[in-house]
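Student: This is what each chain is made of:
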Amino acid sequence: MEIEIREDNFKTEVLESKIPCLVDFWAEWCGPCKMIAPSLKEIAQEYKDKIKVCKINIDEASSIASSYGIMSIPTLMVFKDGSVQNSAVGALPKSDIVSLIKSYV
Amino acid sequence: MVDGNQLYDLLIIGAGPAGLTAAIYAGRSRLNTLVFESASNLSQAMLTDDIENYPGFPEGITGMELVEKFKTQAKNFSAKIMSKEVKKIEQADLEGKKVWAVYTDDGQVFKSLSVIIATGAKPKQLGVDGENLLRGKGVSYCATCDAAFFKNKKVVVVGGGDTAIEEALFLTRFASEVVVVHRRNKLRATKILQERALENKKISFLWESNLVSIEGKQKVEGVICENVNTKQKSSCKCDGVFIFVGYEPNTSFLKALLNADDSGYLIVNKKLETSSKGIFACGDCCQKHLKQVITACAEGALAYHYSFSYINEVKGIVYK
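Quick mapping for you: the protein sequence lines, in order, are chains A and B. Going by our numbering, the residue at position 70 of the first sequence is 283; the numbering climbs one at a time, nothing skipped. Going by our numbering, the residue at position 285 of the second sequence is 390; the numbering climbs one at a time, nothing skipped.
This is chain A alone, in the form it adopts within the complex (with noise of 0.2 Å):
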């Protein structure tokens, strides 16, 4: 399951995280987003107890978006720690994204 991150959860579920998370920025108006969210969906179940695939609506935590200078979506970055170790900017296979958590999981 993907967890859905707002600003009052942002800190306890992906900064505080004990295991890696891979965090996509997203909006409803944003047919890129659409297209991985299946991926990202499979990602979150194959990978249930390795990573934490977490959902950031820019339009609902835009401080959040604006803070990690997100500036295109989808852009999905890959959290450690608090710290953001990998991160792909637009639309990408699901392969991709695979290869993207795969030295963190």
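Simulated from the structure, these hints should not be mistaken for lab results. Treat the hints with caution; some may be incorrect.
[To be verified] Computed list of lysine to aspartate or glutamate pairs in EDC-like fashion (alpha-carbon distance at most 20 Å, straight line):
hint, chain 1, residue 1, chain 2, residue 2
1, B, Lys185, A, Glu255
2, B, Lys227, A, Asp309
3, A, Lys231, A, Asp262
4, B, Lys242, B, Glu326
5, A, Lys315, B, Asp211
6, A, Lys254, B, Asp210
7, B, Lys174, A, Asp262
8, A, Lys231, A, Glu220
9, B, Lys192, A, Asp309
10, A, Lys254, B, Asp211
11, B, Lys256, A, Asp272
12, B, Lys256, A, Glu273
13, B, Lys396, B, Glu157
14, B, Lys229, B, Asp367
15, B, Lys342, B, Glu326
16, B, Lys256, A, Glu241
17, A, Lys247, B, Asp154
[Said to hold, decoys possible] Label pairs and their in silico Cβ distance ranges:
hint, chain 1, residue 1, chain 2, residue 2, range
18, B, Glu326, A, Val318, 49 to 57 Å
19, A, Ala301, B, Trp312, 46 to 54 Å
20, B, Asp367, A, Ser312, 28 to 36 Å
21, B, Asp367, A, Lys231, 53 to 61 Å
22, B, Ala361, A, Ile216, 38 to 46 Å
Quick reminder that beta carbons are idealized off the backbone N, C-alpha and C, glycines included.
Since the structure of chain A is already known, use the hints to place chain B on it.
Tutor: The following block gives chain B in isolation, referenced to the frame of chain A:
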């Protein structure tokens, strides 16, 4: 789950207007059809904010909504759609029958009697300094995706065609100022779009100029343009650069298999047959003059039609 060893009648590669129209028709003909949808090469229609020239929608419709409707319609007629990247197509042998084998990025193989290529095209890069480095840091190829990040900011749009001007207009909803950089002294875009852009107070034009580099370290800070006649360079501060300088077809994985022109557009005949028997192509990945949703749909229907005849021929079904 779909069994990787089953034989499909038809595999459609691409889930834009062309591929989905073919899927609607194929579904109604009860062909066993599977559509591959690519996450990385998105339908350009899907990224279009407002489509106002597709008949039947007098109020206009967003590209995303329209493509979603196509998809629902295809599914209603039992076409299956899978999110996978196709890596390779090869001829294969199945119990003495010549079939096509389609390989996907997750290592699966799908076999079918016929294939329709509808992979579309993707925006071309400009190929200037700073472009790759600042992609997603102010450099964008999709205003509908990224415009909202440029509220009250100044952006540059490169290009003078329909897409460039549509996107420039869309950007004015957010940005405070939009500068269109175009290498010619007039626009190629459809007249109605030109009129809207020239009237729009937020839009200004830098004519006969090429964008030669994008400046900035962490994010876009400005661009350098060069006049095509005088070669004089000028700099322009901005927060975003939106690039719409044409398209390239998503056909590189087919190079060894199908005939294409120098730019990679697939060459098809009137029956939309490619150079390989049983493989048809339609939509923006083919050589053509007009890249529109309606032409893509029309070609999708035709590709289905000729593919269907081919499948019947292979199966030995004759309608008399």
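Student: All hints, please: hold or fail.
Tutor: Hints, one by one, checked against the model:
| no. | hint | verdict |
| --- | --- | --- |
| 1 | B:Lys185 to A:Glu255 | holds (18 Å) |
| 2 | B:Lys227 to A:Asp309 | holds (18 Å) |
| 3 | A:Lys231 to A:Asp262 | holds (10 Å) |
| 4 | B:Lys242 to B:Glu326 | holds (10 Å) |
| 5 | A:Lys315 to B:Asp211 | holds (15 Å) |
| 6 | A:Lys254 to B:Asp210 | holds (18 Å) |
| 7 | B:Lys174 to A:Asp262 | violated (36 Å) |
| 8 | A:Lys231 to A:Glu220 | holds (19 Å) |
| 9 | B:Lys192 to A:Asp309 | holds (13 Å) |
| 10 | A:Lys254 to B:Asp211 | holds (16 Å) |
| 11 | B:Lys256 to A:Asp272 | holds (13 Å) |
| 12 | B:Lys256 to A:Glu273 | holds (16 Å) |
| 13 | B:Lys396 to B:Glu157 | holds (15 Å) |
| 14 | B:Lys229 to B:Asp367 | holds (15 Å) |
| 15 | B:Lys342 to B:Glu326 | holds (6 Å) |
| 16 | B:Lys256 to A:Glu241 | holds (18 Å) |
| 17 | A:Lys247 to B:Asp154 | holds (15 Å) |
| 18 | B:Glu326 to A:Val318: 49 to 57 Å | violated (36 Å) |
| 19 | A:Ala301 to B:Trp312: 46 to 54 Å | violated (36 Å) |
| 20 | B:Asp367 to A:Ser312: 28 to 36 Å | holds (32 Å) |
| 21 | B:Asp367 to A:Lys231: 53 to 61 Å | holds (54 Å) |
| 22 | B:Ala361 to A:Ile216: 38 to 46 Å | holds (44 Å) |
Figure legend: structure checked against the earlier numbered hints; hints not met, in rising order: 7, 18, 19.
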